Amino acid sequence: MTSYKRVSGDAVEYEVFARKTRVEPLHQVGSVVAPDDDLAVAYARATYDEERWVEMAIVRKDDIIELWQPGET
Amino acid sequence: MSLSDLVLSIADNKQMLGLRYAEWATRAPSLEADIAAAAMGLDDLGHSRVLYGCLEPLGADPRGPERETDSGSLRSLPYFDELWTEWAQFVAANAILDTAFTLMIEACVNGSVEVLQHRLRKMLMEERYHFLHGRSWLKSGVDAAPLNLAWQEALEWFGPPDGETAALHREGRLSIGPSELRSKLEENLETKAPAIRMDWKGWDPVRRRSRPGAIDEATFAMLRGLEEKKFAVAPAKEG
Chain A
1 MTSYKRVSGD AVEYEVFARK TRVEPLHQVG SVVAPDDDLA VAYARATYDE
51 ERWVEMAIVR KDDIIELWQP GET
Chain B
1001 MSLSDLVLSI ADNKQMLGLR YAEWATRAPS LEADIAAAAM GLDDLGHSRV
1051 LYGCLEPLGA DPRGPERETD SGSLRSLPYF DELWTEWAQF VAANAILDTA
1101 FTLMIEACVN GSVEVLQHRL RKMLMEERYH FLHGRSWLKS GVDAAPLNLA
1151 WQEALEWFGP PDGETAALHR EGRLSIGPSE LRSKLEENLE TKAPAIRMDW
1201 KGWDPVRRRS RPGAIDEATF AMLRGLEEKK FAVAPAKEG
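Protein sequences, first through last, are from chains A and B.
Read in the working numbering, the first sequence has 18 at position 18, and its numbers run on one by one without any break.
Read in the working numbering, the second sequence has 1106 at position 106, and its numbers run on one by one without any break.
The hints are simulated quantities; they were obtained by calculation from the structure and are not laboratory data.
On a predicted model such as this, the values are computed, not experimentally measured, just so you know.
Glycine included, each C-beta is placed from N, C-alpha and C at the ideal position.
Any given hint might turn out to be false.
[To be verified] With a Cα cut of at most 27 Å, we get these calculated DSS-like pairs of lysine-lysine:
#	chain 1	residue 1	chain 2	residue 2
1	A	K61	A	K20
2	B	K1139	A	K61
3	A	K20	B	K1122
4	B	K1122	B	K1184
[To be verified] Some chain B residues judged to face chain A by a derived CB distance under 10 Å, without partners named:
#	residue
5	G1018
6	L1031
7	I1035
8	A1038
9	Y1129
10	H1130
11	F1131
12	G1134
With the rest of the complex left out, here is chain B (with noise of 0.2 Å):
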């Protein structure tokens, strides 16, 4: 796995939670958590956007074309495989995976590589707003099963203690490695991960994932276009 491999994870897993959050813009709780979603939304999938303009001048750019035939070629999390259902899932995401994916990015900013620290630097000035609002819906009280499943894919997620991001970060191109970036996890949320037992065995290390699966057909189909390209207006014939 390389830096640019895991970019592409942060990208993918932006990408999706970008789209989850504006799937609740007319859903939440209040007209003020509807706006907050689709504002946390579009700076998810333009956050997104930017760190899939890092990979070519990173060098080696990791997507191949499986990526348009293939959902589980994807690299986002279990977690946003399927439509969220309970604002708890939403709250979860918010507090625990965003904060997870705006440190790998501090990591990177911070990190010895000169385009990720330019470029990314923006976006932890927005990523401010995105936690407050997770950490404030935290505090309020959600559901035990979301919130567990999201540490869980979290820690995965930063990967093992002797794997290759830890490697990242002896090199210096991360400033920080796994077990700090779960400390700082837990500090910035203000509370400790549950008990979980983490199983490398089965762990992907491309996708940073333990579980099989992929996202679900419909959104699939939307990041491709092809939902958009039922309402495209045909060509008009020449002559």
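Bound conformation, chain A alone (with noise of 0.2 Å):
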């Protein structure tokens, strides 16, 4: 039998951005674990796809690029 190793703590943490009309900015809905974007994407619309959402993208966190963080400004 194949063990799977493909279990949350191998994975990439993505964050997940959404909104639910044109006139609002993009903003955090929560984010998913995922081995790959493809998966990602399957796993964010699973897991956010309860409203009616007009928008959704999904952004790798280790590709955000930081300014500042609590407590450093």
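Hints in hand, dock the two standalone chains.
Structural data, given as structure tokens:
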């Protein structure tokens, strides 16, 4: 039997962004953990599709460039 | 076999796929996969309802009373007859069978029958996420046995090259026929089907399967609402 290692601990974190109307900005609605972009897309849609978003996007957390963090200003 | 028979086959298979997905909503290898299993299960159960709803407008509803008593009259594939005990079975169904059903739905949407063009289109958008999920897990590597079985049943379900599915394509009611369906399935999954000897002599054109059998009794009872009736509140007596 194959053993599966694609559990959350081995995977990458993605931040999930969405908005309900065109006039509001995208805001973070949560995160998912997945080993690749395709699965992250599927997981984000499955997890956060309860509301009627007009747009949803994900980004790898590692790709976010932080300017400063809490306590650094 | 008519177009209605084909639509009923898609509907029955989607219903069983949805139920089998849902059974893994607390058993998948990660919490994210649990949620995806639940969401895809709901999607496919919803799709089956839409497909059943197309039968009347198509003009010939092939569903008879035997569907209430004979589980062997349902048109789902053998792959769904028993509960899945391994995650690999889930992945093989998700990647290969779900995609096969989607390709047939796409052939309906791009065919000449108006009711199918309109009502089935939204399914294709939802199925994109099923496909991404299945293909990603497929690429991670799963056991060969369920994959081979899923390929076998998907290719059988497309139908023989000179059968009635091919005729529906020639008539324009399906945009593509069995051989193109196979090519597209291989192309989408970025892999070739294993070498499978197709023997159409024992193939049942109504149930679109070669292997006899039927879904397990508990699932059949659930489909007919018998499980829910156990918990139904008895109506209050008048007077």
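The hints, checked one at a time:
1. K61/A <-> K20/A: holds (22 Å)
2. K1139/B <-> K61/A: With a Cα-Cα distance of about 23 Å, the restraint between K1139/B and K61/A holds, given a limit of 27 Å.
3. K20/A <-> K1122/B: Since the Cα atoms of K20/A and K1122/B sit roughly 20 Å apart, the hinted pair holds (cutoff 27 Å).
4. K1122/B <-> K1184/B: holds (20 Å)
5. G1018: violated (14 Å)
6. L1031: Since chain A brings a Cβ to about 7 Å from L1031/B, closer than 10 Å, the hint holds.
7. I1035: holds (5 Å)
8. A1038: holds (7 Å)
9. Y1129: holds (5 Å)
10. H1130: The hint holds - H1130/B has a Cβ within 10 Å of chain A, the shortest such distance being about 8 Å.
11. F1131: holds (9 Å)
12. G1134: Holds: closest Cβ of chain A sits about 9 Å from G1134/B, inside 10 Å.
When the structure is compared with the earlier hints, a violation turns up for hint 5 alone.
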